[in-house]
Amino acid sequence: MKGQETRGFQSEVKQLLQLMIHSLYSNKEIFIRELISNASDAADKLRFRALSQPELYEGDGELRVRLSCDKEKRTLTLSDNGIGMRRDEVIDNLGTIAKSGTKAFLESMGSDQVKDSQLIGQFGVGFYSAFIVADKVTVRTRAAGAPAEEGVFWESAGEGDYTIADITKPERGTEITLHMREGEDEFLDDWRLRSIISKYSDHIALPVEIETRSKPEKEGDAEDQDAPAADDAAETISWEKINKAQALWTRSKGEISDEEYKEFYKHLSHDYSDPLIWSHNRVEGKQEYTSLLYIPAQAPWDMWNRDHKHGLKLYVQRVFIMDDAEQFMPNYLRFVKGLIDSNDLPLNISREILQDNRVTQNLKSALTKRALQMLEKLAKDDPENYQKFWEQFGLVLKEGPGEDTGNGESIAKLLRFASTHTDSSAQTVSLQDYLGRMVEGQEKIYYLTADSYAAAKSSPHLELLRKKGIEVLLLSDRIDEWMMSYLTEFEGKPFQSISKTDATLDKLADEETPEERKDADKALEPFVSRVKTLLGDRVKDVRLTHRLTDTPAIVTTDANDMTTQMAKLFASAGQKAPEIKYIFELNPEHALVKRAADINDESHFGEWIDLLLDQALLAERGTLDDPNQFIRRMNQLLAK
Numbered sequence: 001m002k003g004q005e006t007r008g009f010q011s012e013v014k015q016l017l018q019l020m021i022h023s024l025y026s027n028k029e030i031f032i033r034e035l036i037s038n039a040s041d042a043a044d045k046l047r048f049r050a051l052s053q054p055e056l057y058e059g060d061g062e063l064r065v066r067l068s069c070d071k072e073k074r075t076l077t078l079s080d081n082g083i084g085m086r087r088d089e090v091i092d093n094l095g096t097i098a099k100s101g102t103k104a105f106l107e108s109m110g111s112d113q114v115k116d117s118q119l120i121g122q123f124g125v126g127f128y129s130a131f132i133v134a135d136k137v138t139v140r141t142r143a144a145g146a147p148a149e150e151g152v153f154w155e156s157a158g159e160g161d162y163t164i165a166d167i168t169k170p171e172r173g174t175e176i177t178l179h180m181r182e183g184e185d186e187f188l189d190d191w192r193l194r195s196i197i198s199k200y201s202d203h204i205a206l207p208v209e210i211e212t213r214s215k216p217e218k219e220g221d222a223e224d225q226d227a228p229a230a231d232d233a234a235e236t237i238s239w240e241k242i243n244k245a246q247a248l249w250t251r252s253k254g255e256i257s258d259e260e261y262k263e264f265y266k267h268l269s270h271d272y273s274d275p276l277i278w279s280h281n282r283v284e285g286k287q288e289y290t291s292l293l294y295i296p297a298q299a300p301w302d303m304w305n306r307d308h309k310h311g312l313k314l315y316v317q318r319v320f321i322m323d324d325a326e327q328f329m330p331n332y333l334r335f336v337k338g339l340i341d342s343n344d345l346p347l348n349i350s351r352e353i354l355q356d357n358r359v360t361q362n363l364k365s366a367l368t369k370r371a372l373q374m375l376e377k378l379a380k381d382d383p384e385n386y387q388k389f390w391e392q393f394g395l396v397l398k399e400g401p402g403e404d405t406g407n408g409e410s411i412a413k414l415l416r417f418a419s420t421h422t423d424s425s426a427q428t429v430s431l432q433d434y435l436g437r438m439v440e441g442q443e444k445i446y447y448l449t450a451d452s453y454a455a456a457k458s459s460p461h462l463e464l465l466r467k468k469g470i471e472v473l474l475l476s477d478r479i480d481e482w483m484m485s486y487l488t489e490f491e492g493k494p495f496q497s498i499s500k501t502d503a504t505l506d507k508l509a510d511e512e513t514p515e516e517r518k519d520a521d522k523a524l525e526p527f528v529s530r531v532k533t534l535l536g537d538r539v540k541d542v543r544l545t546h547r548l549t550d551t552p553a554i555v556t557t558d559a560n561d562m563t564t565q566m567a568k569l570f571a572s573a574g575q576k577a578p579e580i581k582y583i584f585e586l587n588p589e590h591a592l593v594k595r596a597a598d599i600n601d602e603s604h605f606g607e608w609i610d611l612l613l614d615q616a617l618l619a620e621r622g623t624l625d626d627p628n629q630f631i632r633r634m635n636q637l638l639a640k
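Quick note: the sequence shown uses full-length UniProt numbering, first residue 1, plus one each step.
Worth flagging that the hints you see were computed from the coordinates, not collected in a lab. There may be inaccurate statements among the hints.
Below, simulated DSS-like cross-link-like pairs (lysine-lysine); rule was C-alpha separation at most 25 angstroms, straight line [said to hold, decoys possible]: (1) Lys-640 - Lys-594; (2) Lys-253 - Lys-369; (3) Lys-594 - Lys-518; (4) Lys-444 - Lys-468; (5) Lys-28 - Lys-286; (6) Lys-500 - Lys-540; (7) Lys-262 - Lys-309; (8) Lys-309 - Lys-364; (9) Lys-581 - Lys-568; (10) Lys-199 - Lys-215; (11) Lys-413 - Lys-45; (12) Lys-388 - Lys-377; (13) Lys-507 - Lys-594; (14) Lys-540 - Lys-522; (15) Lys-199 - Lys-286; (16) Lys-507 - Lys-457; (17) Lys-286 - Lys-73; (18) Lys-136 - Lys-262; (19) Lys-581 - Lys-507; (20) Lys-444 - Lys-413; (21) Lys-540 - Lys-594; (22) Lys-364 - Lys-286; (23) Lys-364 - Lys-253; (24) Lys-594 - Lys-568.
Distance windows between CB atoms, simulated [to be verified]: (25) Lys-507 - Asn-305: 43 to 51 angstroms; (26) Asp-344 - Trp-191: 41 to 49 angstroms; (27) Glu-72 - Pro-383: 50 to 58 angstroms; (28) Glu-525 - Gly-469: 29 to 37 angstroms.
Predicted, not measured: the structure shown is a model, and the values here were computed from it. Every residue, glycine too, gets a C-beta built ideally from N, C-alpha and C.
Build the full structure now, drawing on both the sequences and the hints.
So this is what it looks like as structure tokens:
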């Protein structure tokens, strides 16, 4: 063969092949679904390109995929007459995995995870699934519109390398031949193949045909010994269509089973697990479109990667236009899978035109509401599965309040939080749950942001509210502070950070303060002035507080000032945040504060006040500018 060379697989491909063969072996029949799905994609791409280049059909516009098996040679062949591939495309598609971050992800997988088919399934392994059942795979392909002599041969045993060469291939499209491993004879059985195709590929618009062979009936009486033997006659080969070959979303909802919806999701997303919920919707009138949206059960491994592709599959008048059309779904719903088939967009629409198209904007608005309604229904009807969704995608949904103020109330209903009324860090509390538990006279929804759940749970800011039985939402994800800057109120109740100064918190504290304590506070005014003079502009203000029970001092921020967590967000993004001037609040009932107030020696007094301030800053920020000085000061005071 011309141009023959042997090339090594990309290292990620080698790793993936080994992991996949071992982890997917218990569900090996899915290789047929994957290969047929690829053939369907190849047909879709040809239809789209042929809109502007009809000559690509080469006189054959009847697209299909065909399966045939040879029991003697122990081979199974799948062929399509779709878009096909050129030599460089074969190298890119069959020798490498383009997804960035793949190598690091594969290397991070432990031995137990290797057995988890769902993890491997997140790669959408497609073509490579052939090696689950085959010890050698041969590919012959030619791109539509290319000369017959520009066919490409590819072959590999699925180990370290593959062979590639130039061949002559009269027909466009791709032919994949699997040389089956010992013990995989079930996939050479005609009826087994039919049942798998019916199970996995009934919903695909592309006809899936299987080869049938028949011998002509011999002429004359069957008892006539002189008649020619039928065994010597040539077999007739024909093709029988197995699947419905009608696009699932174009069918009536009433005639589509749950299993068909699930299998179509797997075809669409290359996910290996069932979706949590889906919505199939046909709209007629001012706009005409059909949508089929799915909420996955698990997040893709590369969801946080900048290069992660997302969006809906776009069809116009049943013609495939593009994958990953992100213009129809906001970024905070990037986990939604599915398709949109519009009658109102032009067939020659591009990604650039889509971005500014009025029809696109209207569709995006309608599909966003549909997706949020799906999640609301899941939360209401199946809280257990909604919690699974939240654990996978909650962090993404938290981007919603800042991105989509128009749907703010709907998004807020879907949020889940940890709180002082739950025993674990699991985010299970809805805002409706919180409102239902508010104490009499409570005016606000109280929350606290911190670096971790443990830091939030033990924060001194909670002491008064815990004593009064008031629930506080505990927020410890990095995005939470940013989210709360957009989430200002829910069903008429404003949100209030308990690390900020606030009149309602002061009111709660005053309720706990008898008159004699107030008189004692007046007596401490000279002490407060002394602390202010000592600290100067290191703090914004010094005051006494009755919000504490067990802690000597805390720092808070003014209502309009930046919070500690927001400053950390700025820093993590490489931006300089304005310096925070804290309000230093002292608990007059605490023994250490009383002791400090009685110290006359200015130097000794200064050490005590600095120690109390550092303690409060450490509790608030989790770090100090000079931790060694804090340790030395504490050791000196302990020694005294």
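- [ ] Would you mind confirming whether the straight-line C-alpha gap from Lys-253 to Lys-369 stays at or under 25 angstroms?
- [x] holds, 20 angstroms
- [ ] With a cut-off of 25 angstroms on the C-alpha distance, tell me whether Lys-262 and Lys-309 pass.
- [x] holds, 21 angstroms
Open item on the list: Checking one constraint from the list: CA of Lys-199 to CA of Lys-286, max 25 angstroms. Satisfied?
Closed with: Given pair Lys-199, Lys-286 is violated - Cα atoms ~37 angstroms apart, limit 25 angstroms.
Task: Pairwise hint evaluation, Lys-364 against Lys-309, where the allowed Cα distance is 25 angstroms at most - done: holds, 17 angstroms
Open item on the list: Hinted pair, alpha-carbon criterion (25 angstroms max): Lys-286, Lys-73. Please report holds or violated.
Closed with: violated, 58 angstroms
Open item on the list: With the threshold set at 25 angstroms, check whether the alpha-carbon distance from Lys-594 to Lys-568 stays at or below it.
Closed with: violated, 34 angstroms
TODO: Decide if the proposed pair is consistent with the structure: Lys-594 and Lys-518, CA atoms, cutoff 25 angstroms inclusive.
DONE: holds, 15 angstroms
TODO: Return holds or violated for the Cβ distance of Asp-344 and Trp-191 against the range 41 to 49 angstroms.
DONE: Between Asp-344 and Trp-191, where Cβ atoms are some 45 angstroms apart, the hint holds.
Task: Straight-line alpha-carbon gap Lys-500 to Lys-540, limit 25 angstroms - done: holds, 13 angstroms
Task: Pair hint outcome, Lys-640 versus Lys-594 [Cα-Cα no greater than 25 angstroms] - done: holds, 17 angstroms
TODO: Quickly compare the C-alpha distance for Lys-540 and Lys-522 to 25 angstroms and report which way the hint goes.
DONE: holds, 21 angstroms
TODO: Measure nothing beyond the straight line between the CA atoms of Lys-136 and Lys-262; if it is 25 angstroms or shorter, mark the hint as holding.
DONE: Violated, because 31 angstroms separates the two Cα atoms, which is more than 25 angstroms.
When the structure is compared with the earlier hints, violations turn up for hints 5, 10, 11, 15, 17, 18, 24 and for no others.
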